[in-house]
Amino acid sequence: MEDEVSLDDSLNGIDSESSDEDVDELGEGEGGEITAKALTDVPNEETRFLAQSWEERWKEVMELLATGKARWDESGDPHTDLLEDYKKEVLKGRDEREKTTPTILHMLAKNLKANDFKNVPDNILKKVILYLLQPRENTSLTTETKLSEEDPILKVAMNFDNDKFIDYILALAPGKLPDLLDARDAAQSNCLHYAFKVQLHKVIHKVPRTRQKMQVVQPKRPSLTNTLKILAQFVKNAKAKTIAAIDKEGNTPVHYALDYELCSMKSKAENYGRIVKHLILRSDQLRKQMPANEFNLKNESPYLYFLRTKKEWIGENKKPPREEKSIIKLPKKDTTSGAKETKEIKEPEAIREINNDAETDPPQPLEKGAKMPGAIAPTEYQGVSEVQPTGSILQPQRREKPTTAPGTKKLNQSYPGSRVIPPTAAEPTPTTAKAYPASLNANNTPPEPLARQKTLTFEHILAEVPSGFATQPILLPKTQIPENEKQSAPSRSNANTKDAGAVAEEIREFLKLHYIRTRSEMEAKELLYGKVASDKNLYFDATNHRLKSVDQVCDLIEKLSASKFEDTLSYVNIPALSHVQDKASTPKQDGGSQQENPCLGHSSLVSVFDKLVSVDVRNILRLHVEDRDPDVPAHTDAAIERAILGQEFFGSGNTRKEAIKVELWDWKKIDLSIDVIRFAAPEVVQVNLYWSGNKTVLTAWACAEGIPLLHRVSQGKLKTVILHATPGIESRERMIKMIENFKKEIKERTEEKVKVEHRLYMEGFPVGSKLDDDGHATAGGSQGAPQHDWVETMVKFRHTLSSLHGLLGDKAPEPQRIKVALIDDGVDLSNLDTYGKVVKASGLSYCPPSKRMEKPWHESTNGHGTIMANMIVRINPWVSLDVMRIHDSKWHHPDGEVRTINAGSAAKAIEGAILRQADIISMSWTIRNLAQKQSASSSNQNDKSGKDEIKSPQEIAINALQTAIDRAREAKILMFCSAADDIKILGKDSLPFSRAPDYIFRIGAALNKGQRDPESEDPKSMTYYFPGNQVAEEWNPRSGKTVQYHNGSSVSTALAAGFASLIMYMNNMMRARYKPIRTEPKEYDTFDEWARGLKDSGNMRRAFNNNNNRRPNTDPKFLPVWSTFGEVAERINNEIDRERKLGELEKLVRSLCHWLDND
1 MEDEVSLDDS LNGIDSESSD EDVDELGEGE GGEITAKALT DVPNEETRFL
51 AQSWEERWKE VMELLATGKA RWDESGDPHT DLLEDYKKEV LKGRDEREKT
101 TPTILHMLAK NLKANDFKNV PDNILKKVIL YLLQPRENTS LTTETKLSEE
151 DPILKVAMNF DNDKFIDYIL ALAPGKLPDL LDARDAAQSN CLHYAFKVQL
201 HKVIHKVPRT RQKMQVVQPK RPSLTNTLKI LAQFVKNAKA KTIAAIDKEG
251 NTPVHYALDY ELCSMKSKAE NYGRIVKHLI LRSDQLRKQM PANEFNLKNE
301 SPYLYFLRTK KEWIGENKKP PREEKSIIKL PKKDTTSGAK ETKEIKEPEA
351 IREINNDAET DPPQPLEKGA KMPGAIAPTE YQGVSEVQPT GSILQPQRRE
401 KPTTAPGTKK LNQSYPGSRV IPPTAAEPTP TTAKAYPASL NANNTPPEPL
451 ARQKTLTFEH ILAEVPSGFA TQPILLPKTQ IPENEKQSAP SRSNANTKDA
501 GAVAEEIREF LKLHYIRTRS EMEAKELLYG KVASDKNLYF DATNHRLKSV
551 DQVCDLIEKL SASKFEDTLS YVNIPALSHV QDKASTPKQD GGSQQENPCL
601 GHSSLVSVFD KLVSVDVRNI LRLHVEDRDP DVPAHTDAAI ERAILGQEFF
651 GSGNTRKEAI KVELWDWKKI DLSIDVIRFA APEVVQVNLY WSGNKTVLTA
701 WACAEGIPLL HRVSQGKLKT VILHATPGIE SRERMIKMIE NFKKEIKERT
751 EEKVKVEHRL YMEGFPVGSK LDDDGHATAG GSQGAPQHDW VETMVKFRHT
801 LSSLHGLLGD KAPEPQRIKV ALIDDGVDLS NLDTYGKVVK ASGLSYCPPS
851 KRMEKPWHES TNGHGTIMAN MIVRINPWVS LDVMRIHDSK WHHPDGEVRT
901 INAGSAAKAI EGAILRQADI ISMSWTIRNL AQKQSASSSN QNDKSGKDEI
951 KSPQEIAINA LQTAIDRARE AKILMFCSAA DDIKILGKDS LPFSRAPDYI
1001 FRIGAALNKG QRDPESEDPK SMTYYFPGNQ VAEEWNPRSG KTVQYHNGSS
1051 VSTALAAGFA SLIMYMNNMM RARYKPIRTE PKEYDTFDEW ARGLKDSGNM
1101 RRAFNNNNNR RPNTDPKFLP VWSTFGEVAE RINNEIDRER KLGELEKLVR
1151 SLCHWLDND
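With this note's numbering as the guide, the letters of the sequence shown map in order to residues 1 to 1159.
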């Protein structure tokens, strides 16, 4: 299966020829006049001819051709003189008075049958056009400037609705089309821009009508049918750079093609949808080289452009214009005909064209009650749902005569998988409408392919859409007309086409899925939601929960649901989990005689998929489930069916109404039945099968009722089968022969439409079910290690502050949380202390994907980020924790392991924190600022060589990080960073501190009594010292784990960030307290001003320093909180009166903030 979009050969390697114009070699001057010197060297006839003006000369040539007095080439009447070459050359001249349309080709593009051309035979006119399209050589600089002022030829033809001229170009010189489409006008728009931005709107837009003798007359306009055919040719033949090009507004042709008015056109909407989908696929060819072109100057992707234009269109069309109420009614013979005529007059657009097209039949209507889902929307299992097979991008799918593959049983015979879903008690099924799985009809037979329909023939224009997973087109299901209803089927004259709004939504869904399939998570989020650092989940990866319980995985989904899930996930990855014996699967006696299977498989993952459905997940593009643990029974077939489809085949057990659709199936269960896959995922595109070496299993997969039937049921969507094989007890040679025979049978029975790949595992399947040995990064120590008084004091204060929330009053709003962005290696949510779900966490990952798998923010590379998060929330759990996972690595050094942070990833994380309006950024890491030395070295070399500086990738990343730090400072975000924990590194040599040393808080580590840790370098550059030596984790009495202790200034930095957020939050509590008290507005205003003031780095330093006012003999860079927070906590706990308790907290806030500068 290919990740990249692969188009047919006709879309690649397009001949790109120069379009420069030949320079007239006859010595023409301004206005096409011949020079006197040139006249002396030509015969009399040529002298006479060239003495005329340019306009007189080309008109004379056209008259000669029109009257037959001269022939263009050797064809034609041999007695007629050939047109001289110098007369042909005249046609390449220019009218200098015209800047935008100066050539004969422009004139022909305007009107092929203008007065001067109308009598020229078509066959001659075609030859003239082909001659004028020849490359223009020896173009001077002056001529190039003139060419840049010209309007593109095809734009002129479209502007004057000259479809015939365009047809000539397509027929005579298709190789010239790519260059003609790439030509630009003064607004930097190429012909594809113009076609979607202007021409199509002109075709479908309202046209004023005039009244003549009681008849409605509509002005002539371009044919929509022909316009779409031409546009299809344009999309097929355009260069990749033409499709990716931007105009002055930053829009690509794809942007304009996604205009909602076009996507919802009432006529030919499905044909337009196929064109747009093909354009979307082709637009990816240069996206890696031109990523910025996906956003216009308004930072809109094509998807966001669609949403905006949809909103505007709905606003403009919410109420019909008043003038439309005045309708000219024609005389009518009866009520029925009159109503029809009135409707036709009222219609502002020519939407009936499709019904007037003799060669076109409308698509068959949906059955009553049937839905029109897009892409892979949830399947309705209350009736037959047939999905179109993949076909030409502009060709609606055709029905084919039922065929029987070799070895296939007759359709009325039974076979494995001929299964009917019985009605459930909760949802009784009427006898007249039995419920069947999507793959079967009422006769328990696979659905027949859809019948042929007459329609526009576009297969000669665009090749078939690639059917690989990454480019699977989105097709709407069609229903089959029952035999007993065929007589009452609607006729072509009154049948309705697919709803235009549904087609527009289908296009939107196609684009959304395309982005999710082909982009990384961060790229897809920006394209779908804008550059707002969205934390919406586009995938679910529980890799970090390997061997944990199912309940813990469900809890992870619940925590992530705070950021919401997209209804379509790029992938779901569930590792091997620890299983508890289900009550339902516990062996028991039935009536004392029948015993349940003692080796019954599991069903525990059903709850995981039920949880995903509960958070609105309906589609999974890639499903990966580990179910091969040799020590644990695999899931039963019934459990797999129930997990995905919501019900098992035999209808036993509880059910779930909503199904999950899967495109790539990778449920790693050995020897899984194809029947299960066919029932649970009938629209699967790729299947991974795990084979134990048993020949019977392989034979069943290859038989007509196995993979070939799955291919048919999927309506041709199944394209790839990957066989993961072990030999079992057989020899390697025998296994290879069985696999080759398996491939041969699949090839024959699917007519080579299903590709089979195989992977060999001679020593058995690798099962990644063991927990990694690395575990979480912790620093050693025992339970007897000394505790920090500072930490103990702040923990006691946290308990006290928690008791005050209920005293603020019913009318007081909830205090605003402080948003802390933690930029680190991720946070393991299962190990995050939430203090009774007080802590709220969401996040983003700025790590590059690995092997098509993302690195989610809720997993930690080495556990470092989890430790930092717990230190922050330990001081202030009332935060909104934004976890920004960045790319880091470790390398071995003689002195130990060294952690390296990717500067580019860190820069993106800071930019994300700015977009998410963080109050505080915590960065417990440093980066050597090597860019300064490299820049100085490069500058010296450049001074000597005189050449421009060429920056290395590392320098570019460092510069991006420096810019991000500058932007965070401008946004007034408090930044905390750690010392290097290496005495040899100075603050001026490390980032982020060196970029803003007077703004960023640089935190060093302190010992348990507040002494400065001698391992922390450069004390002059330290802003403050916080506990960082043998700091214990929060002890959980319900956990059996030993308390771990951590060292280093990274711990100190997290505590400092938590402390700053606590000061801000306490002030917000006081602001919330006084907000509903109207009699004391000054109090509210004071705390409101301080809330803004505390976002300034200088003011936060004053608040920190106010902790030291009562202890002048202490280290000014270490905060003795026991004399402030400790004493206040004790007084609050001793008070009984509510107001006095809050008064003590207010005194503390005022003591910390009374010197703030709010200017």
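If you are wondering where the hints come from, they were derived from the structure by calculation, not from laboratory data. Accuracy of the hints is not assured; some may be wrong.
What the hints assert, rightly or not - With a straight-line cut-off of 16 Å between C-alpha atoms, the simulated EDC-like cross-links for lysine to aspartate or glutamate are:
no.	residue 1	residue 2
1	K1147	E1083
2	K796	E1130
3	K87	E98
4	K113	D163
5	K127	D161
6	K837	D610
7	K110	D73
8	K1075	E814
9	K548	D671
10	K202	D161
11	K972	D828
12	K855	E814
13	K695	E752
14	K88	E98
15	K310	E55
16	K536	D567
17	K855	E509
18	K298	E249
19	K197	D122
20	K202	E249
21	K668	D616
22	K737	E757
23	K1020	E1083
24	K611	E558
25	K657	D610
26	K59	E84
27	K668	E626
28	K288	E523
29	K611	E523
Evaluation of the provided hints:
1. Distance hint between K1147 and E1083 is fulfilled; the C-alpha atoms sit about 13 Å from each other, no more than 16 Å.
2. Straight-line distance between C-alpha atoms of K796 and E1130 comes to about 9 Å, which keeps the hinted pair within the 16 Å bound.
3. Taking the CA atoms of K87 and E98, the gap is near 22 Å; set against the 16 Å cutoff, the hint is violated.
4. With a C-alpha separation of about 12 Å, the suggested pair K113 and D163 falls inside the 16 Å cut-off, and the hint holds.
5. Taking the CA atoms of K127 and D161, the gap is about 21 Å. The hint is violated against a cut of 16 Å.
6. A hinted pair counts as satisfied when its Cα atoms are at most 16 Å apart, and K837 with D610 does not qualify at roughly 22 Å.
7. For the proposed pair K110 and D73, the alpha carbon gap of about 25 Å is over 16 Å, so the pair is violated.
8. Distance check on the hinted pair: K1075 and E814 sit about 11 Å apart at the alpha-carbon level, within 16 Å; holds.
9. Taking the CA atoms of K548 and D671, the gap is near 25 Å; set against the 16 Å cutoff, the hint is violated.
10. In summary, the hint linking K202 to D161 is supported, as the alpha carbons are separated by about 10 Å, within the 16 Å threshold.
11. With a C-alpha separation of about 29 Å, the suggested pair K972 and D828 falls outside the 16 Å cut-off, and the hint is violated.
12. For the hint pairing K855 with E814, the CA-to-CA distance comes to about 34 Å; that exceeds 16 Å, so the pair is violated.
13. The suggested pairing of K695 with E752 is violated, with an alpha-carbon distance near 22 Å, which exceeds 16 Å.
14. Taking the CA atoms of K88 and E98, the gap is near 21 Å; set against the 16 Å cutoff, the hint is violated.
15. For the suggested pair K310 and E55, the alpha carbons sit about 49 Å apart, so the restraint of at most 16 Å is broken.
16. Simply put, K536 and D567 have alpha-carbon atoms about 11 Å apart, close enough for the 16 Å limit, and the pair holds.
17. Distance hint between K855 and E509 is unfulfilled; the C-alpha atoms sit about 25 Å from each other, more than 16 Å.
18. Our distance criterion of 16 Å between C-alpha atoms is met by K298 and E249, whose separation comes to about 8 Å.
19. For the hint linking K197 to D122, the alpha-carbon distance of about 31 Å lies beyond 16 Å, and the restraint is violated.
20. Using a Cα cut-off of 16 Å, the hinted pair K202 and E249 is violated, with the two alpha carbons roughly 20 Å apart.
21. For a cut-off of 16 Å, the pair hint linking K668 to D616 is broken: about 25 Å separates their Cα positions.
22. Between the alpha carbons of K737 and E757 the distance comes to roughly 14 Å, so the proposed pair stays at or under 16 Å and holds.
23. Using a Cα cut-off of 16 Å, the hinted pair K1020 and E1083 is violated, with the two alpha carbons roughly 39 Å apart.
24. For the suggested pair K611 and E558, the alpha carbons sit about 8 Å apart, so the restraint of at most 16 Å is met.
25. Distance check on the hinted pair: K657 and D610 sit about 10 Å apart at the alpha-carbon level, within 16 Å; holds.
26. For the proposed pair K59 and E84, the alpha carbon gap of about 15 Å is at most 16 Å, so the pair holds.
27. Distance restraint check for K668 and E626: the Cα-Cα separation of roughly 5 Å lies within the 16 Å cut-off, and the hinted pair is therefore satisfied.
28. Proximity of K288 to E523 is assessed by CA-CA distance (about 12 Å); at most 16 Å being required, the pair is judged to hold.
29. Restraint check: the Cα-Cα separation between K611 and E523 comes to about 27 Å, which exceeds 16 Å; the hinted pair is violated.
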